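If you read the sequences in order, they're chains X and L.
Those letters in the first sequence? Residues 18 to 285, per the numbering used here, in order.
Those letters in the second sequence? Residues 37 to 366, per the numbering used here, in order.
Please keep in mind that the hints were generated in silico from the structure rather than gathered at the bench.
One thing to keep in mind: the hints can contain errors.
Computed Cβ-Cβ distance ranges for the label pairs, DEER-style [to be verified]:
#: 1; chain 1: X; residue 1: I37; chain 2: L; residue 2: Y50; range: 37 to 43 Å
#: 2; chain 1: L; residue 1: L327; chain 2: X; residue 2: T191; range: 53 to 59 Å
#: 3; chain 1: L; residue 1: N61; chain 2: X; residue 2: V203; range: 50 to 56 Å
Listed below are the simulated PhoX-like cross-link pairs for lysine-lysine, each with C-alpha atoms no more than 25 Å apart in a straight line [to be verified]:
#: 4; chain 1: X; residue 1: K31; chain 2: L; residue 2: K171
#: 5; chain 1: L; residue 1: K326; chain 2: L; residue 2: K283
#: 6; chain 1: L; residue 1: K114; chain 2: X; residue 2: K281
#: 7; chain 1: L; residue 1: K158; chain 2: L; residue 2: K114
#: 8; chain 1: L; residue 1: K107; chain 2: X; residue 2: K281
#: 9; chain 1: X; residue 1: K31; chain 2: L; residue 2: K146
On a predicted model such as this, the values are computed, not experimentally measured, just so you know.
All residues carry an ideal CB built from backbone N, CA and C; glycine is no exception.
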Amino acid sequence: MSGLIPLTVRELKKWYRNPIFFITGLLQPFFWIALFGSAFDITKFLPNASGSLILQGAPNYITYIVGGVLTTSSLFTAMFAGTNIIFDRRLGPMGRFLSSPIRRSSIVFSKIISSTIRILPQALILIVAALLIPNGLKFIHGFTILDVLVILAAITLVSFIFSSIFSVIAIRMTNMNSIFGIVNLVNLPLLFVSYAMFSPVMMATWLSNVAKYNPVSWSAEAMRMVIINGSLTGSQWYQVGTWLGALAVLALGLLLLTAYLSEKEIRD
Amino acid sequence: MGDIIITRDLTKVYHGHIKAVDNLNINIGEGEIYGLLGPNGAGKTTTINMLTTRIASSSGTATVNGYDINKESLKVRKTIGVVPQDLTADEDLTGRENLTMVSQFYDVPKQEARERIENLLKLVDMTEPADRYVKTYSGGMRKRLELIVGLVHNPKILFLDEPTLGLDIQTRSQMWEYVRQIQKELDVTIILTSHYLEEIDALADRVSIIDHGKVLVTGSPQELKSSLNGDIITITFREQNEADAMKNIPGVLEVTDSGPNTVRVKVSNADESLPDVINFISTNKLSTMKLTVQKPSLDEVFLEYTGKDIRVEDPGDARKMMMNMRRLRQ
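Chain L extracted, bound-state conformation:
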């Protein structure tokens, strides 16, 4: 599989000195779901905006589907689908009318557009409300509509910019299911930005963690998590000497004290090591009070590479999110 998107030192500078995207180099393979993960203001949306030719790059290049984003922007636009962060459907039209209008933007032949729209509506369970005005839709329905508006012209690449921003957790996991469905059925490459770690973890084949416009690390979510070197098994015993005895267990990475009668056992893979640990406990007749297994989450990966917690939001974005939420709830 070749790379469908290649960026070379892609850079966007605002006001002469603010580097929103700083010499970005990423390769995205055909058919992947590729995540761009980063805190607000990390440069994810700016990257998407450049790749979708909504804004020009300040320096560096990128090819999307083989076309140069600066020199062949029209060709790029024809072969990609975009689901921007904001809602874009016209509330005064029906869902189907919105889809039809966008299909006309791409000169999709009428009959083909009709069939395609029908299939897309079915794919995201929107057949029933398709002929209602968009202003009557719930937040989840509006987001589902946005998802397929970007697909009416059969693009090879779909850009999803924060597809579940402002949605409640149930609707979010439902959206993930639809995204997976789309990737499977329509065979598109998906570029997904998110600052929800669970989202990237659930969807992305590979992810780049971005901060201050730079890629800090790239890999599959699983790789990134194992790069943290290990799962943690925390065990609390009845007596302190039992906890000390635990330190003699072979075949683990590290055993450290973690409070009264408690040790943290670091292993490379808890699923494989847990039987050994339990064996060790029972052969040494140690009495355990409590045992927990903690797999590293992307939260920790993120913390490790950016040095900060992704959940700390800046007020500007919180306002934007509120606005989106308010509109979604109407």
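Chain X with its partners taken away, still in its complex shape:
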């Protein structure tokens, strides 16, 4: 009687049945990888950049940036998870949910889970697109099933984290503009105060110091590590483990917070 499954199915139906919502979501990765891949490609100013500290050993900028774009794509999709809570409140379905014997938190978790699921095909398309474009993604040191799992874990965790944060924000909100305002306020800072696009050596010291604590950096760096290096050494695994562990701890904390707040605070 938790209601989580029917509510999540509902969200996903609303997604794949809306052609604009569905297709734009699938096109977005192409734009991102193509645009970010060339707009921020600093290597053209720096000959011999490849293999250096700047690209942390990646053969080209696209290969370097794929982990960052995957993270950013997840982040930007996840930030809108909360809007559907406000829509449900304004359009009426929330009243139905609240008078049913389902768990209140299911209403919120259905948004978080569906938003996380929506990101996965985007991620797949993004990787394919990166492989297809000229001078694109190259796995020079091979690519194993473990690497796939790392990428999957990082995307899922980062989506879950930001979907939760923005859903919790929306729990008591009634005005759509408030959530859009918050999204606009934090999206670019979250992206640029992170290692998603640039390596620490390219950043101002203070920026790099702050970026260290941004979950966007953890996810981008973890994916980057496996994409660039293929099979990792022990210390590299330790590093990836630390990043994913930090993401997992944060996700767990947010899971508990979301469960607590949505049971207690959600209103019509």
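Once you've looked at the hints, dock chain L against the given chain X.
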């Protein structure tokens, strides 16, 4: 028949001092259609929200189907169906998908849910549009869907909060027919709020008139109307002396002047007294120009007990109603 809902001093206070519901005491019998009638802001919806456990009460208690609304809210929710004032169906799903989703909220087994949904759709003539998206529905269809969404889990009690708000008069009387049908076929107790007097009059077995969160009077619509003591027969004669002669008629409650050559005859029941009145007129050879019979309506009952006309709306609710209407028309 026992009481399926009992409230004892049920109270809801907002912001520390606004008493939306003030020590409400009502008993609702099993199988009744029970009306809560009152102007906007009288506390009807707040009462429904407490009984359906959407909000907690500030003080007092109520039992719904034997369960305490504050201590056993989950059990209450499982045995009741709710049709809130606002539309709740998801427009991006079909009617059937909405019904199925809600049946899953109540863990109704798949096969049972399928059959039940089929029956409910048939009951409100919605079988044909069931597989269309809700956004393509007319206002009346959406309301009919709302009506059965609250019934997919076979509840014993159905709460209808202003079920015909914003509907045109034809669609409204159609809705009443469906509500009666549901009560008869599914054997549910129905609690109905409305500020349409005709609606309560048409549907309710018993009604409580509520204002400022308090029950002013409870009874069947018929009882309440007869409590006003009488129907009015207004007769206009050709001459004033004929009107005066009418004042000698025996067996009526009261005869008063009411304009030139006109008297108002108050009787306890016009259906029974009218033959006597006509007899009196013909035996006394009085020449009548006009004769009208007026039965008291709930309007007058309402006026009598609340001291105000129910049709005067406050602007806040008018806005809400417009919003509902706009959405219904889409």
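Quick rundown of the hints versus the structure:
1. In this structure, I37 of chain X and Y50 of chain L meet the distance hint of 37 to 43 Å, their C-beta atoms being roughly 42 Å apart.
2. Between L327 of chain L and T191 of chain X, the C-beta spacing of about 57 Å keeps the proposed range 53 to 59 Å intact.
3. Checked against the hint of 50 to 56 Å, the C-beta distance between N61 of chain L and V203 of chain X comes to roughly 52 Å, which is consistent with it.
4. The suggested pairing of K31 of chain X with K171 of chain L holds, with an alpha-carbon distance near 13 Å, which does not exceed 25 Å.
5. Our distance criterion of 25 Å between C-alpha atoms is met by K326 of chain L and K283 of chain L, whose separation comes to about 17 Å.
6. A threshold of 25 Å between alpha carbons decides the hint, and for K114 of chain L with K281 of chain X the separation of about 20 Å falls inside it, so the pair holds.
7. Proximity of K158 of chain L to K114 of chain L is assessed by CA-CA distance (about 24 Å); at most 25 Å being required, the pair is judged to hold.
8. Restraint check for K107 of chain L and K281 of chain X: the C-alpha separation of about 16 Å stays at or below 25 Å, so the hint holds.
9. Using a Cα cut-off of 25 Å, the hinted pair K31 of chain X and K146 of chain L holds, with the two alpha carbons roughly 22 Å apart.
In the structure shown, no violation is registered for any of the earlier numbered hints.
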